[in-house]
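Assemble chains X and Y onto chain U, guided by the hints.
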Amino acid sequence: MFSILDILGTVAFAVSGTLAAIQKRLDLFGILTISFVTAIGGGTLRDVMIGNTPVLWMQDLSYFYIVLVSTVLAIIFRKRLSILRTSIFLFDTIGLGLFTLVGLEKGVAADLDPLICISLGTISACFGGVLRDILCNEIPVIFQKEIYATACIFGGFIFFLLKYLNLNDDLIFLSTAGSIITIRLLAVIKKWSLPTITL
Amino acid sequence: MFSILDILGTVAFAVSGTLAAIQKRLDLFGILTISFVTAIGGGTLRDVMIGNTPVLWMQDLSYFYIVLVSTVLAIIFRKRLSILRTSIFLFDTIGLGLFTLVGLEKGVAADLDPLICISLGTISACFGGVLRDILCNEIPVIFQKEIYATACIFGGFIFFLLKYLNLNDDLIFLSTAGSIITIRLLAVIKKWSLPTITL
Amino acid sequence: MFSILDILGTVAFAVSGTLAAIQKRLDLFGILTISFVTAIGGGTLRDVMIGNTPVLWMQDLSYFYIVLVSTVLAIIFRKRLSILRTSIFLFDTIGLGLFTLVGLEKGVAADLDPLICISLGTISACFGGVLRDILCNEIPVIFQKEIYATACIFGGFIFFLLKYLNLNDDLIFLSTAGSIITIRLLAVIKKWSLPTITL
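Protein chains in written order, with numbering that gives the first Met the number 0: chain U, 0 to 198; chain X, 0 to 198; chain Y, 0 to 198.
Please keep in mind that the hints were generated in silico from the structure rather than gathered at the bench.
Watch out, some of these pointers could steer you wrong.
Since copy identity is lost for identical chains, a pair holds within one copy or between any two.
DSBU-like cross-link-like pairs, simulated, lysine-lysine; straight-line CA separation at most 30 Å [stated by the list, open to error]: (1) LYS78 <-> LYS23; (2) LYS23 <-> LYS162; (3) LYS105 <-> LYS78; (4) LYS105 <-> LYS162; (5) LYS78 <-> LYS162.
Bound conformation, chain U alone (with noise of 0.2 Å):
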């Protein structure tokens, strides 16, 4: 169950960083970069951090394949995209909750306090997307529109709060997950926001 999540939410960025290349008319392997670098680039920047060397997608072949292929189907389908944006969005959140939570464990494998932890976790959901942003030469959009890394935040606080509990790590796990979709779904449906703070 959480690798096939997993692979949803890598699919979901894989397609978020597809799109947005295609929108800066980028060429062929610019749109396979920035896509590679949306999926994969918040998860490397964790494992670079701790120490975890070659990093995740180095050991693991199927980042590589799954992000290829999501790519590649990408490009195909973008007309009809738009018809599947809801899905895109279920699959960013999923994704979203799901990298959390690999940051978080990988913290905590790594001995790390539970603020960083909460940190990578952070980290692994929302770099990707902050990467992406860098290379296409856009401001961060996590940092300028509504709840998304404050979603992860959270999350993080759910997870140590229920580890504290000393509660099973399975309803760990779906909590964090869980609480952290659901406050992402309810900010695009009430459209929450941070404020913004002026001079």
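Frame of chain U; chains X and Y shown alone:
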């Protein structure tokens, strides 16, 4: 004494990141991220390239708290910060001197060549600001403005000159940080700048 | 022979970085930084992701000196560089072939899958330029222009095909670098380019 100055430097960099992010009208999460990246980005880059992982801020939580508190205070008092501009500039300059020193020391500890250590010192002190500017979609200001990184490079040479003369460690630290701070202050007061090259 | 070509490649990348920075009217430190990042950024990214730290240029000072000298010479002779444009293009192409080879070899040495090695080779050769463009606040030119990274990817497949056929190492090196250089030259001469995808 070292750690107090280290704190002041981190505070100064966090404040400068916060102000840059507010000017770009980012939301609260964007401000926090830019603030963190400015304060710990240079050291993170340094640690990752040497292989000191998990990187420093993951092992010593004080950076996390210092940045968090500085950011919150900078947001609250943002309207009075222009009055504080001189003190922020002073903190930033102290941070510059000190972060260079930390980078130099790490390079020496990793048994690297003096020239590489000087590069590491400069990266530690300056690349947080470079990353801040990239995230804000600007050409890094230190590539264009007055003497900044040059002060770090100069300080690095002082450091190894005095080390070569076998002077006392405290004296070396003081002279290195002192020369960087002095050069930077003089550069701003006297409006020194590096030449730009025209085609 | 290998090291002479390696030097030529580094020189070419440093020169291309210097020219890009001059065009952006950066100051001397900005020019030096962009020059360094262009020449050693791809290899640094590769080493950091594999976990080969301290990264190569920290262990072998020759890169440092080559970049420094190239940058100074490029600044001095910047007005005559248009006359030298063909030789710079040739160096850059040689660098492309060679840096890909270095990346492939490092991947093989780290016991990674061929597809990952090909990615590493491409990253080594192309991401210095990507970092240069990000620092100059541009969308990376290799995502938009003629065949560049594609030549590296193609060369990577040649590399593993010949390795699979158990050919002599020197022959493999020559054929790999040769095919990358040939494809790149042909692409520029014949104005080949990858398709862009329109929405």
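Outcome of the hint check:
1. With identical chains, the CA atoms of LYS78 and LYS23 are at most 30 Å apart within one copy only, with a shortest distance of 16 Å there and 33 Å across copies.
2. In this homomeric assembly, LYS23 and LYS162 never come within 30 Å of each other (Cα to Cα): the closest approach is 43 Å inside a single copy and 38 Å across copies.
3. In the homo-oligomer, the alpha carbons of LYS105 and LYS78 never lie at most 30 Å apart, since the shortest distance is 38 Å inside one protomer and 40 Å across protomers.
4. For the homomeric pair LYS105 and LYS162, the shortest alpha-carbon distance inside one copy (15 Å) is at most 30 Å, but the shortest distance between copies (36 Å) is not.
5. In the homo-oligomer, the alpha carbons of LYS78 and LYS162 never lie at most 30 Å apart, since the shortest distance is 45 Å inside one protomer and 41 Å across protomers.
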